[in-house]
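S.K.: I would like the entire structure built from these sequences, with the hints used as guidance.
Protein chains in written order, with numbering that gives the first Met the number 0: chain A, 0 to 105; chain B, 0 to 105; chain C, 0 to 105; chain D, 0 to 105; chain E, 0 to 105; chain F, 0 to 105.
Read the hints as simulated data drawn from the structure, not as lab findings. A hint or two may mislead.
Any copy, or any two copies together, can satisfy a pair, since identical chains are not distinguished.
The list that follows gives simulated cross-link-like pairs (lysine-lysine, DSS-like), each with its CA atoms no further than 27 Å apart [claimed, not checked]:
(1) 14 - 29
(2) 8 - 35
(3) 35 - 15
There are 6 protein chains.
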Amino acid sequence: MKEDVFYGKGMAHVKKDYPDIYDSVVELNKAAYTGKALDYKTQKLIALAITAANSDDRAMKKQMMSAMREFDATRDEIVDVLRVVLLTSGMPPFTKAMRILYELTE
Amino acid sequence: MKEDVFYGKGMAHVKKDYPDIYDSVVELNKAAYTGKALDYKTQKLIALAITAANSDDRAMKKQMMSAMREFDATRDEIVDVLRVVLLTSGMPPFTKAMRILYELTE
Amino acid sequence: MKEDVFYGKGMAHVKKDYPDIYDSVVELNKAAYTGKALDYKTQKLIALAITAANSDDRAMKKQMMSAMREFDATRDEIVDVLRVVLLTSGMPPFTKAMRILYELTE
Amino acid sequence: MKEDVFYGKGMAHVKKDYPDIYDSVVELNKAAYTGKALDYKTQKLIALAITAANSDDRAMKKQMMSAMREFDATRDEIVDVLRVVLLTSGMPPFTKAMRILYELTE
Amino acid sequence: MKEDVFYGKGMAHVKKDYPDIYDSVVELNKAAYTGKALDYKTQKLIALAITAANSDDRAMKKQMMSAMREFDATRDEIVDVLRVVLLTSGMPPFTKAMRILYELTE
Amino acid sequence: MKEDVFYGKGMAHVKKDYPDIYDSVVELNKAAYTGKALDYKTQKLIALAITAANSDDRAMKKQMMSAMREFDATRDEIVDVLRVVLLTSGMPPFTKAMRILYELTE
Numbered sequence: 000m001k002e003d004v005f006y007g008k009g010m011a012h013v014k015k016d017y018p019d020i021y022d023s024v025v026e027l028n029k030a031a032y033t034g035k036a037l038d039y040k041t042q043k044l045i046a047l048a049i050t051a052a053n054s055d056d057r058a059m060k061k062q063m064m065s066a067m068r069e070f071d072a073t074r075d076e077i078v079d080v081l082r083v084v085l086l087t088s089g090m091p092p093f094t095k096a097m098r099i100l101y102e103l104t105e
Numbered sequence: 000m001k002e003d004v005f006y007g008k009g010m011a012h013v014k015k016d017y018p019d020i021y022d023s024v025v026e027l028n029k030a031a032y033t034g035k036a037l038d039y040k041t042q043k044l045i046a047l048a049i050t051a052a053n054s055d056d057r058a059m060k061k062q063m064m065s066a067m068r069e070f071d072a073t074r075d076e077i078v079d080v081l082r083v084v085l086l087t088s089g090m091p092p093f094t095k096a097m098r099i100l101y102e103l104t105e
Numbered sequence: 000m001k002e003d004v005f006y007g008k009g010m011a012h013v014k015k016d017y018p019d020i021y022d023s024v025v026e027l028n029k030a031a032y033t034g035k036a037l038d039y040k041t042q043k044l045i046a047l048a049i050t051a052a053n054s055d056d057r058a059m060k061k062q063m064m065s066a067m068r069e070f071d072a073t074r075d076e077i078v079d080v081l082r083v084v085l086l087t088s089g090m091p092p093f094t095k096a097m098r099i100l101y102e103l104t105e
Numbered sequence: 000m001k002e003d004v005f006y007g008k009g010m011a012h013v014k015k016d017y018p019d020i021y022d023s024v025v026e027l028n029k030a031a032y033t034g035k036a037l038d039y040k041t042q043k044l045i046a047l048a049i050t051a052a053n054s055d056d057r058a059m060k061k062q063m064m065s066a067m068r069e070f071d072a073t074r075d076e077i078v079d080v081l082r083v084v085l086l087t088s089g090m091p092p093f094t095k096a097m098r099i100l101y102e103l104t105e
Numbered sequence: 000m001k002e003d004v005f006y007g008k009g010m011a012h013v014k015k016d017y018p019d020i021y022d023s024v025v026e027l028n029k030a031a032y033t034g035k036a037l038d039y040k041t042q043k044l045i046a047l048a049i050t051a052a053n054s055d056d057r058a059m060k061k062q063m064m065s066a067m068r069e070f071d072a073t074r075d076e077i078v079d080v081l082r083v084v085l086l087t088s089g090m091p092p093f094t095k096a097m098r099i100l101y102e103l104t105e
Numbered sequence: 000m001k002e003d004v005f006y007g008k009g010m011a012h013v014k015k016d017y018p019d020i021y022d023s024v025v026e027l028n029k030a031a032y033t034g035k036a037l038d039y040k041t042q043k044l045i046a047l048a049i050t051a052a053n054s055d056d057r058a059m060k061k062q063m064m065s066a067m068r069e070f071d072a073t074r075d076e077i078v079d080v081l082r083v084v085l086l087t088s089g090m091p092p093f094t095k096a097m098r099i100l101y102e103l104t105e
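M.R.: Have a look at this one:
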């Protein structure tokens with residue numbers, strides 16, 4: 000389900016202990032991914048791009064897995080995202096992302 | 000032309016005074032945007048997303064203009080990019096990006 | 000009103016043209032500032048701290064104005080926030096924030 | 000002691016091998032946390048907020064532990080800090096921080 | 000003087016109104032730039048690199064001016080710093096820095 | 000070799016599967032480190048500074064190792080880099096970098 004995309008361990012606790020936060024996150028996710036003009040897969044690749052540009056290991060890994068499992072994103076598609084990360088954000092986030100991508104796909 | 004995408008004032012000087020840097024940037028741009036699996040427009044929207052997530056006024060403005068002029072990106076398409084920025088990067092970059100988008104489109 | 004805190008020009012357009020995003024932002028703001036244990040003023044000072052640490056001129060200015068107008072935050076209180084910014088984020092964001100603070104208070 | 004707050008392994012070496020740096024850090028900490036208007040606990044929660052917004056695992060964990068041990072900060076208080084992180088910095092730093100918080104409190 | 004390097008408008012107010020912060024900043028600057036092994040000019044170029052990598056307009060401009068005025072840094076030396084910014088941090092901070100550099104040197 | 004500097008596991012895959020990206024990265028590295036006015040070691044210390052300021056564990060570790068092995072950089076030289084990181088970027092990246100440096104040198 001769309002609502003589960005960003006939800007890991009932390010969010011399970013949030014749902015139980017802080018339902019008002021949880022509900023607002025569900026609303027936020029719905030508004031974020033109910034695009035009018037871009038399809039959901041493209042939006043997920045954009046989320047992947049932003050987390051990779053931020054060099055955020057866990058977040059980009061989660062986004063890569065979700066892109067491959069939920070949307071059948073190919074390695075080439077993800078590499079095309081990372082090409083833009085290289086251009087806009089430099090070598091360190093790019094090499095980190097390539098390493099994580101190959102760990103996931105080999 | 001694809002090579003001119005990120006090139007503003009600064010790069011004109013680079014071309015003249017530091018041709019080795021200029022040439023490497025041209026190569027980098029080619030490699031970045033010669034995607035195998037995603038089309039060029041999608042890659043440009045990804046670049047837009049990353050600069051917006053970084054709250055970089057000038058860079059996101061340049062990307063928005065380039066997306067609209069070169070690829071006929073609509074406001075709805077750009078807003079769909081910014082929905083993901085809101086989710087992944089919070090309110091300050093989102094509101095900044097919305098303000099710049101409306102300045103460009105009104 | 001609490002809901003208007005982060006809302007500038009960009010959000011007026013969002014309300015009119017993208018009401019689903021607007022509604023989710025309203026929910027998010029409610030969940031963010033309906034603290035259980037910290038008062039609202041403290042939470043606003045935390046938002047100020049984060050935007051100042053990010054060197055985001057406009058966002059920190061908006062937060063400073065809102066802290067002073069809505070919560071009667073004093074200059075000393077804001078400087079106490081910026082002391083922590085200096086320690087955790089270094090001189091450039093600190094000096095930028097001090098300049099903006101004095102432009103607002105003189 | 001206040002001076003030990005940010006000081007982990009690295010700083011023990013600094014104290015021994017680079018006493019001039021160590022002394023300046025001690026002064027900086029004193030100036031940072033000798034607030035005039037905010038209490039020390041609030042300032043610590045602000046430091047926690049900034050490290051969480053930066054998605055810095057170790058630093059936010061250290062700040063959470065210090066807030067709970069030295070200032071009896073409750074989980075609800077820390078969640079109130081993280082609510083602001085969600086609003087200003089998006090889902091990835093928020094979910095990371097919630098996961099770390101629950102690892103510390105369970 | 001070394002102590003004045005980072006000090007702009009904001010710091011004049013700090014000196015007068017918050018002398019404890021000012022003193023700690025002076026100590027911090029001394030410790031930062033009293034290198035044992037690298038000369039002061041190299042350290043200033045490193046500060047320039049960090050502010051440029053962060054896309055911080057004002058801070059990088061101040062660092063460039065200070066490098067040129069106090070240390071007779073040439074444009075070629077600063078460009079050599081920015082080459083590393085391009086590699087590690089991508090095109091947007093590089094083009095911004097080149098634009099600012101040429102505005103200062105023309 | 001200069002070209003190998005930033006190249007870890009990820010880049011071995013890139014060379015084999017995405018040779019156009021690999022070639023552009025080689026060109027970029029050449030342009031980055033073929034300085035006109037600063038020597039290569041200084042440029043490497045600048046790359047170290049930027050990765051340390053970004054709190055990027057792996058990247059700064061790789062840069063420290065490369066600086067020590069390829070350029071006989073001493074611990075004092077690296078600490079002089081980190082002094083500037085402390086001043087410009089605050090305590091969390093500084094203490095992280097000091098910890099990593101001592102793990103490498105002890």
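S.K.: So, against the hints stated earlier in the document, which numbers end up violated here?
M.R.: Hint check: nothing fails, all pass.
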